[in-house]
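K.L.:
Assemble the whole structure, with the sequences as input and the hints as a guide.
Number of protein chains: 2
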Amino acid sequence: MAGILLKNIELNGSQSDILIEGNSISDVAPAGKITVKDADVETVDCTGKAAVPGFVNMHTHAGMSMMRGVGEDIAFHEWLDRIWKVEEKLDEDLVYQSTRLACLEMIKTGTTTFNDHYWYMPMAYKAATEMGLRSVLAYVICDRNDPEESERQKIQCQQMYEVSRAWGDTATFCIAIHAIYSVREEMMVWATRFARERGLKIHIHVSETRKEIEDCKAQHGGMSPVEYLDSLGILGPDVVAAHTLWLSEKDVEILGKRGVNCVHNVNSNLKLASGYRFLYNELRDAGANICLGTDGCASSNNLDMLETMKTSAMIQKAWRDDPTAMPLPEIMSMATANAGKALGLNIGRIEKGALADILIVDTENYSFLSPASFEANLIYSAHSDSIDSVICNGRFVMRGRVVPGEQQILADARKALVKLL
Amino acid sequence: MAGILLKNIELNGSQSDILIEGNSISDVAPAGKITVKDADVETVDCTGKAAVPGFVNMHTHAGMSMMRGVGEDIAFHEWLDRIWKVEEKLDEDLVYQSTRLACLEMIKTGTTTFNDHYWYMPMAYKAATEMGLRSVLAYVICDRNDPEESERQKIQCQQMYEVSRAWGDTATFCIAIHAIYSVREEMMVWATRFARERGLKIHIHVSETRKEIEDCKAQHGGMSPVEYLDSLGILGPDVVAAHTLWLSEKDVEILGKRGVNCVHNVNSNLKLASGYRFLYNELRDAGANICLGTDGCASSNNLDMLETMKTSAMIQKAWRDDPTAMPLPEIMSMATANAGKALGLNIGRIEKGALADILIVDTENYSFLSPASFEANLIYSAHSDSIDSVICNGRFVMRGRVVPGEQQILADARKALVKLL
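Taken in order, these protein sequences are the chains called R and B.
Anchor point for the first sequence: position 68 equals 69 in my numbering, and the numbering is continuous, going up by one each time.
Anchor point for the second sequence: position 239 equals 240 in my numbering, and the numbering is continuous, going up by one each time.
Keep in mind the hints are simulated off the structure, nothing from the lab.
Check before you lean on any hint, since a few could be wrong.
Where chains are identical, the list cannot tell them apart; a pair therefore holds if satisfied intra-copy or between any two copies.
30 Å max Cα-Cα, derived DSSO-like pairs, lysine-lysine [unchecked claim]:
| # | residue 1 | residue 2 |
| --- | --- | --- |
| 1 | K416 | K50 |
| 2 | K50 | K420 |
| 3 | K127 | K420 |
| 4 | K416 | K8 |
| 5 | K416 | K127 |
| 6 | K127 | K34 |
| 7 | K155 | K90 |
| 8 | K353 | K50 |
| 9 | K8 | K218 |
| 10 | K251 | K420 |
| 11 | K8 | K353 |
| 12 | K8 | K50 |
Small disclaimer: the values here were computed from a predicted structure and weren't measured.
P.N.:
Right under this line is the structure:
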């Protein structure tokens with residue numbers, strides 16, 4: 002079977018060998034312990050490099066990558082109006098080009114799986130699979146209170162689900178419910194039932210802004226968005242709730258009890274001034290599974306998970322007035338193993354049997370010349386340009402920072418951008 | 002005269018030519034308007050690139066670059082105790098190697114001038130000048146309440162000042178007063194007088210932690226550190242005050258009235274959980290001159306000004322609940338022109354007559370493929386690896402991301418690190 006043997010690579014502080022066969026990790030052993038004679042297995046000497054699981058961006062809108070800068074230094078609801086205006090010009094090609102550009106950025110910054118929430122899903126599928134990334138692609142339910150639109154989306158959702166059944170092993174179909182303020186109640190319930198009957202994950206924006214909380218309370222008899230969603234039976238361990246930023250004690254308890262996967266999108270929340278007091282400790286202790294996302298780069302303004310990891314930890318320490326908050330091992334899990342758990346995919350760990358999504362990090366530059374641990378240097382000191390190579394599903398998607406076809410992707414995106422503006 | 006002609010480079014949104022002769026910018030004109038026949042002038046085609054002034058890191062401890070990770074996820078005063086323990090092992094070679102390593106990192110991340118605050122200044126001078134960076138190097142007064150140490154430092158300060166008079170044009174001597182909690186009052190007054198008699202800048206840590214405020218009030222009849230320093234006549238436009246994080250309304254008024262240069266060190270403040278509510282709007286409106294620093298990378302954990310710029314803006318928007326706070330042009334000025342003003346150096350602007358400290362930024366990568374402005378893309382989207390080349394004092398210190406001697410610097414630093422540990 003075709004494979005890759007990574008020799009002499011630092012893994013969790015030890016020199017190791019990692020054998021990849023097909024799309025999975027078939028062996029992990031101390032350096033020098035694995036020898037392979039199969040001519041189909043390429044041996045790569047990784048001296049001076051370290052392995053980490055590929056990052057998982059648990060909430061993004063890849064198709065928005067050409068919309069960064071559409072609104073700078075403005076507030077969430079003003080920003081959303083502007084985005085919805087630009088999106089009127091969207092077409093298949095724009096989503097394809099934007100998602101391809103987003104995949105390029107994700108590869109260069111070490112993301113191997115992205116949990117996407119956007120329009121024209123077949124185009125996102127095409128871009129992600131061409132680029133070799135693992136994706137979870139949502140059919141987005143967003144009827145904006147129009148019953149006719151609901152019916153149209155129900156039909157399209159079913160069609161897309163059927164289409165997705167022919168997808169390869171790197172893409173997973175899921176259902177997105179945009180948000181409680183943009184989807185009719187009956188439609189949210191329909192979408193949840195549709196997902197649960199088919200074992201699909203549900204991806205939803207929850208409690209992102211104070212306005213969302215206030216509006217919800219006014220419309221739903223004083224219930225918060227979390228209470229309201231729970232009253233409809235929507236919350237569960239199959240739900241990925243993006244943002245969960247404005248939460249009451251009761252909300253935290255519900256999200257914990259239901260085992261919801263909460264995604265912190267720190268840069269988007271900061272930049273749109275949505276808020277910064279993400280209740281990390283409380284949610285973790287209540288039993289929620291916490292992951293990280295960049296949000297779409299129209300709001301954040303990039304797809305860089307390392308930046309998200311550092312900033313999340315920095316803010317958490319600062320606002321809690323506690324320098325021990327969100328320690329390094331937990332940040333790393335949020336970007337990797339916790340996401341694997343949330344998506345029900347065997348990713349986020351480098352161990353025998355796991356899918357082979359691996360970052361090869363160059364540790365011979367100034368960022369790593371310190372007494373700190375590899376994790377501290379990677380997250381607090383380095384940037385994504387220390388990521389030398391990226392393996393996704395057992396295949397190199399970047400080697401020595403070269404992504405095949407990069408110049409063509411940029412050239413095509415430049416042409417598409419002209420059309421958007 | 003030896004020179005460099007940067008052709009077809011984007012500057013403030015227009016295609017331009019920039020002529021550098023000697024260490025200064027001798028002409029800036031629309032693209033195609035400058036032609037030079039002098040064989041000593043090298044013409045560089047900068048199509049697809051943009052020019053920004055070199056960043057100025059207004060508060061750092063370059064000699065600490067090998068101490069990053071000495072204390073992770075701990076609080077300021079515990080961290081400081083640990084640092085002071087490690088520093089007992091410091092010697093000239095360690096400071097030389099650490100500063101050289103810091104200069105390498107600063108060049109790669111676009112800093113052309115650093116305002117340093119550390120020990121063994123002649124070694125910092127040697128490292129900075131060898132690496133071709135502009136530096137403001139402080140003799141650090143820090144007697145830790147020991148009158149004998151004060152006398153020793155007075156003599157050494159005078160000696161160092163004499164030594165500095167033979168320095169070349171890229172290094173400036175200044176006086177650092179460590180902080181009110183580590184320097185005797187009489188010594189602070191002596192140092193201030195010493196500086197003012199010679200026209201030297203004064204660099205001091207001010208109001209970094211709540212503990213500093215509380216201790217000061219207890220010891221000095223209820224005065225805050227700012228009030229206390231002002232009562233001693235220390236504050237003025239020649240003072241660079243690092244941190245200024247915990248300020249009363251009266252403190253803001255004093256800092257403004259005295260025209261103090263306040264340096265925000267966001268990552269250090271966040272990581273040590275010192276605080277995050279930097280009073281940017283209030284200080285600016287009161288008349289203070291606000292700059293940015295990374296602090297030493299033992300606390301921050303890197304020397305990356307672009308990261309500092311983005312994080313400063315993000316936090317400011319979030320805690321003020323105002324997405325328009327700290328807009329892009331102001332962030333850029335804080336990292337460039339404001340610093341030139343603070344240091345009394347003709348840097349931080351790309352214009353005729355200014356010193357030639359210029360970053361050449363590659364705008365043909367994914368970070369810049371958007372409808373946003375160049376500044377938005379550079380600060381919010383890109384990382385320092387988009388900085389292709391760096392000119393300091395009219396000379397290339399990095400070209401195409403290659404810094405001469407990089408591998409030797411890393412090898413030497415690795416040896417020195419073993420000694421430190």
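K.L.:
The structure should be examined with respect to each hint, and the outcome stated for every one.
P.N.:
Hint check results:
In the homo-oligomer, the alpha carbons of K416 and K50 lie at most 30 Å apart only across protomers (19 Å), although the nearest pairing inside one protomer, at 37 Å, exceeds that limit. In this assembly of identical chains, K50 and K420 lie within 30 Å of each other by CA distance solely across copies; the values are 23 Å between and 42 Å within a copy. In this assembly of identical chains, K127 and K420 lie within 30 Å of each other by CA distance solely inside one copy; the values are 20 Å within and 54 Å between copies. In the homo-oligomer, the alpha carbons of K416 and K8 lie at most 30 Å apart only across protomers (25 Å), although the nearest pairing inside one protomer, at 42 Å, exceeds that limit.
For the homomeric pair K416 and K127, the shortest alpha-carbon distance inside one copy (19 Å) is at most 30 Å, but the shortest distance between copies (50 Å) is not. Proximity of K127 and K34 under a CA criterion of 30 Å is satisfied in neither setting, with 39 Å inside one chain copy and 47 Å between copies. In this assembly of identical chains, the alpha carbons of K155 and K90 lie at most 30 Å apart only when taken from the same copy (23 Å versus 69 Å across copies). For a Cα distance limit of 30 Å, the shortest separation of K353 from K50 inside one copy, 20 Å, qualifies, whereas the shortest one across copies, 46 Å, does not.
Taking identical chains as interchangeable, the C-alpha atoms of K8 and K218 are never at most 30 Å apart, the minima being 57 Å within one chain and 59 Å between chains. For the identical chains of this complex, K251 and K420 are neighbours neither inside a copy (47 Å) nor across copies (54 Å), given an alpha-carbon limit of 30 Å. In this assembly of identical chains, K8 and K353 lie within 30 Å of each other by CA distance solely inside one copy; the values are 15 Å within and 54 Å between copies. In the homo-oligomer, the alpha carbons of K8 and K50 lie at most 30 Å apart inside one protomer (10 Å), although the nearest pairing across protomers, at 39 Å, exceeds that limit.
Comparing the model with each earlier hint shows violations of hints 6, 9 and 10; every other hint is respected.
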